Amino acid sequence: MIRRLAGVLWALAQTLPDPERDPDLGPFCTYLRQRYGRHPLALSPKEWEEGLLDLIAETIAEGWDRYGAPSAARDPEGEGYIASAEGPGGPILVRAPTKREAYQEARREWIRRLLG
Numbered sequence: 007m008i009r010r011l012a013g014v015l016w017a018l019a020q021t022l023p024d025p026e027r028d029p030d031l032g033p034f035c036t037y038l039r040q041r042y043g044r045h046p047l048a049l050s051p052k053e054w055e056e057g058l059l060d061l062i063a064e065t066i067a068e069g070w071d072r073y074g075a076p077s078a079a080r081d082p083e084g085e086g087y088i089a090s091a092e093g094p095g096g097p098i099l100v101r102a103p104t105k106r107e108a109y110q111e112a113r114r115e116w117i118r119r120l121l122g
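Taking my numbering, I'd label the letters of the sequence shown as residues 7 to 122.
Simulated from the structure, these hints should not be mistaken for lab results.
Computed from a predicted structure; not experimentally measured.
Careful, some of the hints might be misleading.
Claimed, not checked - Straight-line C-alpha distance at most 16 angstroms; calculated EDC-like pairs for lysine to aspartate or glutamate:
| hint | residue 1 | residue 2 |
| --- | --- | --- |
| 1 | Lys105 | Asp81 |
| 2 | Lys105 | Glu83 |
| 3 | Lys105 | Glu85 |
As the list claims (entries may be wrong) - Label-pair distances were calculated between CB atoms; the ranges are:
| hint | residue 1 | residue 2 | range |
| --- | --- | --- | --- |
| 4 | Arg27 | Arg114 | 29 to 39 angstroms |
| 5 | Ile66 | Gln20 | 25 to 35 angstroms |
| 6 | Tyr42 | Glu85 | 46 to 56 angstroms |
Even for Gly, the Cβ is constructed at its ideal location relative to N, Cα and C.
Sequences and hints are given; from them, build the entire structure.
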């Protein structure tokens, strides 16, 4: 999925006179320039893929360091489990029948917010 997305971004950048000036693509192009030390249009699709993967990984790792990862425990107010996390936009609270489901849903929302 990331490979295809990076390929689409690379192809879009090839159609722009200066992708770093594009309001949507520009920040990622600047990241690529800083990472590789070359203009984004001089980079291969593979370098765009690696850059995108690294940016996503860095964003998640920084979020983990800043907010901590979601956690789950038995719901003290009833049956099932509750998972919680701190993240951008405030606390996340999820109730589900199993600990695994609660943790998975909290983790998904936590990552959505970090990457959003």
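Results of checking the hints against the structure:
1. Restraint check for Lys105 and Asp81: the C-alpha separation of about 9 angstroms stays at or below 16 angstroms, so the hint holds.
2. A distance of roughly 15 angstroms separates the Cα atoms of Lys105 and Glu83; the hinted pair therefore holds under the 16 angstroms criterion.
3. Distance check on the hinted pair: Lys105 and Glu85 sit about 11 angstroms apart at the alpha-carbon level, within 16 angstroms; holds.
4. For the pair Arg27 and Arg114, the supplied restraint of 29 to 39 angstroms holds, since their beta-carbon distance comes to about 34 angstroms.
5. Our hint of 25 to 35 angstroms for Ile66 and Gln20 holds, since their Cβ atoms are close to 28 angstroms apart.
6. At about 52 angstroms, the CB distance of Tyr42 to Glu85 agrees with the hint of 46 to 56 angstroms.
Hint check: no violations occur; every hint is consistent with the structure.
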